[in-house]
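Spelled out, the chains give:
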Amino acid sequence: MAGMNPSSPFSVAPGLTREQFRTIAWLRWRIFVNTLRGKGAAGELVARVLSYPLLALMIIGPAVGAGFGTWLIVTTAAYSYLAIPLWLIFALWQFIGVSTSASGPSFDLTILIRFPIRYRDYLLMRLSFGLLDPPTMAGIACLVAMSIGIGIAAPALAIWCALVLFFYALCNILFSRMVYTWIERLLAQRRTRELFTVLLVAVSLGVQVVVQFAQKLGAHGGPTNPLLQRITHTLLAINWFLPPGLAASAIDHMHGGASVLAGTALLGLLFFSGVFLFILHLRLHAEYLGENLSEAPRAIEDTSASHKRSSSGVVAESRETYTRSLLPVAVSACLAKEFRYLKRSGAQLYSLIVPPFMVFIFAARSSAMSQTGLQSKSVSSYLFTYGCAYTLLVFVSFMYNSLGNDAAGVQFYFIAPVRMRDVILAKNILAGCLLAVEIGLIYLSASLATKPPTLDVTVATFTWMLFAIFINMSIGNVRSITAPKLLQAGKVRRQNVSGLSSLISFGVILGAFGLGAAALLLCRYLGTGYWAVSLIFLLLAGIAFGGYLLGLQRVDSIASEHNEGLTKELTKGT
Amino acid sequence: MTAAITTTGLTRRYGDFVAVQNIDLRVAAGQFYGFLGPNGAGKSTTIKMLTGLLTPSAGSIQVLGMDFASHALEVKRQIGVVPEGMALFGRLTATEYLRFVGQMYGLDRATTLQRTEELLEFMNLAGETKKLITDYSHGMQKKLALAAAVIHGPKILFLDEPFEGVDAIAAGTLKQMLQGMIARGATIFLTSHVLEIVERLCTHVAIINHGQLIADGSLEDLRAGVHTQADDANGTTTKLTLEEIFIRVIGKETGEARENSEQELSWLG
Numbered sequence: 001m002a003g004m005n006p007s008s009p010f011s012v013a014p015g016l017t018r019e020q021f022r023t024i025a026w027l028r029w030r031i032f033v034n035t036l037r038g039k040g041a042a043g044e045l046v047a048r049v050l051s052y053p054l055l056a057l058m059i060i061g062p063a064v065g066a067g068f069g070t071w072l073i074v075t076t077a078a079y080s081y082l083a084i085p086l087w088l089i090f091a092l093w094q095f096i097g098v099s100t101s102a103s104g105p106s107f108d109l110t111i112l113i114r115f116p117i118r119y120r121d122y123l124l125m126r127l128s129f130g131l132l133d134p135p136t137m138a139g140i141a142c143l144v145a146m147s148i149g150i151g152i153a154a155p156a157l158a159i160w161c162a163l164v165l166f167f168y169a170l171c172n173i174l175f176s177r178m179v180y181t182w183i184e185r186l187l188a189q190r191r192t193r194e195l196f197t198v199l200l201v202a203v204s205l206g207v208q209v210v211v212q213f214a215q216k217l218g219a220h221g222g223p224t225n226p227l228l229q230r231i232t233h234t235l236l237a238i239n240w241f242l243p244p245g246l247a248a249s250a251i252d253h254m255h256g257g258a259s260v261l262a263g264t265a266l267l268g269l270l271f272f273s274g275v276f277l278f279i280l281h282l283r284l285h286a287e288y289l290g291e292n293l294s295e296a297p298r299a300i301e302d303t304s305a306s307h308k309r310s311s312s313g314v315v316a317e318s319r320e321t322y323t324r325s326l327l328p329v330a331v332s333a334c335l336a337k338e339f340r341y342l343k344r345s346g347a348q349l350y351s352l353i354v355p356p357f358m359v360f361i362f363a364a365r366s367s368a369m370s371q372t373g374l375q376s377k378s379v380s381s382y383l384f385t386y387g388c389a390y391t392l393l394v395f396v397s398f399m400y401n402s403l404g405n406d407a408a409g410v411q412f413y414f415i416a417p418v419r420m421r422d423v424i425l426a427k428n429i430l431a432g433c434l435l436a437v438e439i440g441l442i443y444l445s446a447s448l449a450t451k452p453p454t455l456d457v458t459v460a461t462f463t464w465m466l467f468a469i470f471i472n473m474s475i476g477n478v479r480s481i482t483a484p485k486l487l488q489a490g491k492v493r494r495q496n497v498s499g500l501s502s503l504i505s506f507g508v509i510l511g512a513f514g515l516g517a518a519a520l521l522l523c524r525y526l527g528t529g530y531w532a533v534s535l536i537f538l539l540l541a542g543i544a545f546g547g548y549l550l551g552l553q554r555v556d557s558i559a560s561e562h563n564e565g566l567t568k569e570l571t572k573g574t
Numbered sequence: 575m576t577a578a579i580t581t582t583g584l585t586r587r588y589g590d591f592v593a594v595q596n597i598d599l600r601v602a603a604g605q606f607y608g609f610l611g612p613n614g615a616g617k618s619t620t621i622k623m624l625t626g627l628l629t630p631s632a633g634s635i636q637v638l639g640m641d642f643a644s645h646a647l648e649v650k651r652q653i654g655v656v657p658e659g660m661a662l663f664g665r666l667t668a669t670e671y672l673r674f675v676g677q678m679y680g681l682d683r684a685t686t687l688q689r690t691e692e693l694l695e696f697m698n699l700a701g702e703t704k705k706l707i708t709d710y711s712h713g714m715q716k717k718l719a720l721a722a723a724v725i726h727g728p729k730i731l732f733l734d735e736p737f738e739g740v741d742a743i744a745a746g747t748l749k750q751m752l753q754g755m756i757a758r759g760a761t762i763f764l765t766s767h768v769l770e771i772v773e774r775l776c777t778h779v780a781i782i783n784h785g786q787l788i789a790d791g792s793l794e795d796l797r798a799g800v801h802t803q804a805d806d807a808n809g810t811t812t813k814l815t816l817e818e819i820f821i822r823v824i825g826k827e828t829g830e831a832r833e834n835s836e837q838e839l840s841w842l843g
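Quick mapping for you: the protein sequence lines, in order, are chains A and B. Just so we're aligned, residue 1 is where the first sequence starts under my numbering, counting upward by one. Just so we're aligned, residue 575 is where the second sequence starts under my numbering, counting upward by one.
To be clear, the hints were calculated from the coordinates, so they are not data collected in a lab. Since this is a predicted model, take the numbers as computed values, not measurements. Warning: the hint list may mix true and false statements.
[As the list claims (entries may be wrong)] Residues from chain B that face chain A, not an exhaustive set, calculated with beta carbons under 10 Å:
hint	residue
1	Leu627
2	Ile653
3	Leu666
4	Thr667
5	Arg673
6	Ile771
7	Glu773
Beta carbons: idealized from backbone N, C-alpha and C, even for Gly.
Chain A on its own, in the form it takes in the complex:
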């Protein structure tokens, strides 16, 4: 075949891989630079500059803690306790990722498969891009700080520790990539998505059962309870066979002079890395070969069946689900569409499941703290409040980019005889309903995990939520139109975000938290209790609602002003 000889430019030359890496790094850099051009670029730049100190704080804070803690552990020769910071770093690495977006502009790396890239290079690219994500940077910074801490306290162990922690970092990177790549795969298809949801619910219930069980055991004899001791011993034994335990064990054994055991522990760590890499490889290789994450395979199977159905069957089925609504037709049509989208958006559903689940985690943590006497009484009293605040953090990302899921469909809102106000209202109604359900679930979770919150705390939290929701909706509606970002279905992490919108939402949330705290302190100072807090926030919520309605009136004119930028951004790639 002409042009396909060994000297052909098509063959994968040795220098090409490096060039490809350089090109992709350049591409990412250009995408970053280009986001700082055009309308709203100045705001984006300011947002980025302002977000870096916060990011630095997020990374440096845990790193300083990890370094100092490790130094303390090593100087007191309690080497086995090294597993504790290593488990904490593991948790930080894996769980923070769910609620953080890409630190910079991102693009779908699967597009690379159209180019002449070898599989191993594709794998390497998938592994290396994303190393600048906040959780990865925080995790690596913590491990570096641990190395420094050990190096200062026991210089003889410095090199060995650095080696062990390097492989521990690698193990975490592989685990994180493996989990999120598979989650995206599972969320991409309806059947697996449903299974995954059931699994998550089961896990969350399981955690709740474990928490309840541990609390009961703690109440009957405390730490001396034989069953609790047996469980603790079993968990500790299992810990030594898992990556954080193996890494701690490798350092501990080397300190004790048992270099063979230390080497074995390190090999164990490498074994885990190998397993994670293999599972990741299964997914990435399928991707590399061109597997599509869409629901097409299932849909194709269904096609033959649907062919057999009479055409009137389509209408009959639709008639069953066609219900009358009290809302204006356009609003109810949009609401129905939004609900269908939600049902099919695994990433959004996953985000909705997380807050009640986090309540259990939080309850478990507070329960563990209470065993050591570190827990303050307020943790269980305010579990509902904390859960609601966390939910709000999850929801603001939807509120500030509510059109992102519509993609090219957003054009329809401009060509149809519909007001953008109705579209946004439908989105807000759905968000409000979901938040109401979420608050209910959190109330239930908090009640099951510890005890039901008192009525005054519940009402105060609820009024504070009302205030925060209306404020965020008012601003979020404007940002959704003026700074939209295309959202990719089925992606859990690294979605596009507007830096300025993130900064604004962060400021608004911070302001709402600050007002909440101020109102609480004021009422405590005046001795009026939580009912006065409720009253203050009811008043503020009323004002915020007024602002929301005024903002809603202006949505059409803002949309008309920004329709070009909005459709251009959301129809990218169509």
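Assemble chain B onto chain A, guided by the hints.
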């Protein structure tokens, strides 16, 4: 003949760049109007302004006698649009999408469901109702976008490149529907690069280049305007095709580019 679409001094600027300059269009009711031009000439910008996707920098648009700027909602009820991006919601099924569109245009339940069924049957999509739109092929998406654009029975249909990426069978289906609409008195305004189709379907053609309207009229008018009754080598007269008219109207740059390209890119092949 009453005008379906009239524009006066229609202009769109992007900073210093003028994408569409001072265009005066008159599309009579019942016409099948082809709007042609090379890439970047301003076709899509014009159609976006005519359908409310883009606000003009200057000039006015009258649709069915109504000023678009002041009667946007009323105008939108009367028109159907298949824009460049097709305006589809990828994570709905075809049935759900058409039902949504019908509701948004204010159709009653029974009518929406009946038309959804008929349109899906007509477009050969009735067997694909379980699939999400995002899993449709490009041609299927085009057919669905057209179905959505006509579900409310518009008086004017705007189509931006309706035949792009569509196979011959699907193109046949689309043409059949469009001709049926014209026969029933609707007006169609389309942009297309497939000049053979435009020649076969359109009664009137306008050509835009560098944002300016450079030709407008029936095919016969255009032929007369560019002296298309050219003599061939044997002395007989040849009726030029729309493609030949298009190339002559746009100018000789295209021809020069073709000549140059024979010397360039010698490494190809």
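Here is what the structure says about each hint:
For B/Leu627, the interface hint holds, since its Cβ comes within 10 Å of a Cβ in chain A; the closest pair sits about 5 Å apart. Hint status for B/Ile653 relative to chain A: holds, with the closest Cβ pair at about 8 Å, below 10 Å. Given hint, B/Leu666 at the interface with chain A, holds; its Cβ is 6 Å from that chain's nearest Cβ, closer than 10 Å. Below 10 Å, beta-carbon pairs count as interface contacts, and B/Thr667 has one with chain A at about 9 Å; its hint therefore holds.
For B/Arg673, the interface hint holds, since its Cβ comes within 10 Å of a Cβ in chain A; the closest pair sits about 6 Å apart. Hint on B/Ile771 is violated. Least Cβ distance to chain A is approximately 23 Å, over the 10 Å limit. Restraint check, B/Glu773 versus chain A: the minimum CB separation of about 28 Å is more than 10 Å; hint violated.
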